[in-house]
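Taking the hints into account, I'd like the entire structure generated from these sequences.
There are 2 protein chains.
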Amino acid sequence: MELFFLAGSRPVAGNVIFDGAEAHHISRVLRHQPGDRIYATDGLGAEYELELRRVEPARVIGAILSSRFRPREPGCRLTIAPGIIKGDRLRRVVEGITQLGVSEVIPLRTRRTVAGLSEKRLDRLRKVAVGAMKCSTRTVLPRICDAMELNELANRIGGYDLALVAYEEEQNLGLADVLIPGAESVLLVVGPEGGFEPEEVNVLVAAGARCFSMGPRRFRAETAGVVAVALVLQLLGELGGSKSLS
Amino acid sequence: MELFFLAGSRPVAGNVIFDGAEAHHISRVLRHQPGDRIYATDGLGAEYELELRRVEPARVIGAILSSRFRPREPGCRLTIAPGIIKGDRLRRVVEGITQLGVSEVIPLRTRRTVAGLSEKRLDRLRKVAVGAMKCSTRTVLPRICDAMELNELANRIGGYDLALVAYEEEQNLGLADVLIPGAESVLLVVGPEGGFEPEEVNVLVAAGARCFSMGPRRFRAETAGVVAVALVLQLLGELGGSKSLS
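Chains R and W are the protein sequences, given in the same order.
The first sequence begins at 1 in the numbering used here and counts up one residue at a time.
The second sequence begins at 1001 in the numbering used here and counts up one residue at a time.
One or more of the hints may lead you astray.
[As the list claims (entries may be wrong)] Far from chain W, by Cβ distances over 10 angstroms, these chain R residues were calculated:
1. Ile17
2. Phe69
3. Ser103
4. Arg121
5. Leu125
6. Ile157
7. Gly195
8. Val205
9. Phe212
[What the hints assert, rightly or not] To spell it out: a stretch of chain W is covered by chain R in this simulated footprint if at least three of its residues, at any positions, have a beta carbon under 8 angstroms from a beta carbon of chain R; those stretches are:
10. 1088-1096
11. 1136-1148
12. 1214-1221
13. 1230-1236
[Said to hold, decoys possible] Cross-link-like lysine to any residue pairs, in silico, SDA-like; alpha carbons within 25 angstroms at most:
14. R:Lys127 <-> W:Glu1193
15. W:Lys1086 <-> R:Met1
16. R:Lys86 <-> W:Arg1124
17. R:Lys86 <-> W:Lys1086
18. W:Lys1127 <-> R:Arg89
19. R:Lys127 <-> W:Pro1216
20. R:Lys127 <-> W:Arg1218
21. W:Lys1086 <-> R:Asp88
Think of the hints as simulated: they come from the structure by calculation, not from any bench.
Ideal Cβ placement from N, Cα and C applies to all residues, glycine included.
Here it is, written out as structure tokens:
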């Protein structure tokens, strides 16, 4: 299944319109013809089955045959706040966690964060998220927020059913010990390279977050982000099969 | 904790010797002095606490104060056979799964494998594994095998307690449905970009492997490899905390 992205386009009279790169991809790269059936998402949860009516390089029109809402999406709204890391590595985190199923990414400034996050870099991350959404056949485009300070994130913790911090210094509790089965919104905080300072963790815990360990081996920050999301979604029963810890 | 690598060096009379890049790193980059205490592993499970006796650019000698065997290693011997993928992406798989705790990597040639695996590339992967082992403070260096054909891998399935195939077309069974708690050796097979052909999966299943789904969203091959390893280790209780599905 190939899924196309309807950026900002709303259906009008049962039709949708692609333009820009997506129209080019449909018409020129894949050489679709009028009458072909394709799938598209608006990144807000809707998936359309379309029959192409007009196919031009800069403009493709499809008639909606059927639609579904949030197929293949996790039941839980998962937000990840990863410490900002350098260069290509934050991009890889966004790519992996978008495929896995996160709803929102809050790049986090911490005391040990050395990398900045320019508008240009944010823009690139948002493009990476679009590609990863399409590739994974998701119908929700994760929101990539502007960079946030740790104190501001702490203030928002009350808005989630559960806030969790992957913390190297946690010795006892694993994710299964702190995750609440059936949680509908989870904030997952993962440190930058070098981890959090203890006072930073104290701020998050005072605001209601719980710390967990991912075991005795140390992960690089980009591995930690992807692995933490995978572990949360598995425990919530969102990565296949019928069993979960709930 | 920083962990150094004793490549191929055996203790003699209670001392170990570093040479090459590792001696350079200890003496020149980190500027350690005689009397300093450091940790080192032989990549075969041994971890030594050392007191440095001689520190020269090309040769560092440390006296063993204490040693441990396989601290921080998973109890399960996990082998992953990932379909060979292009360029940088196989390197990232090796990096992630080494940090997570695999014991062995068998790069797999499949029908949809388009990338080759030269000696030079294998050599680079082995260096990446050394870096990831040190960074994760592991004491076992995963063996990166030569590329293998799928039929040969199928012949080896009997040598593992359990062989599992991450397969997109599996609709029902999740990892928790097929994983045997307490398995001591697990072979985990993950397809290349584009996945397996059904006949290839049939060959693996006929040899005793079981298929599982990682859910309805599609992962790129490099995400799939890292995620599959994370999920297996979590279910075996090897990624922190006290609870597992066993």
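Practice item. Go through the numbered hints given earlier and state which of them the structure violates, listing their numbers in rising order. Key: 9
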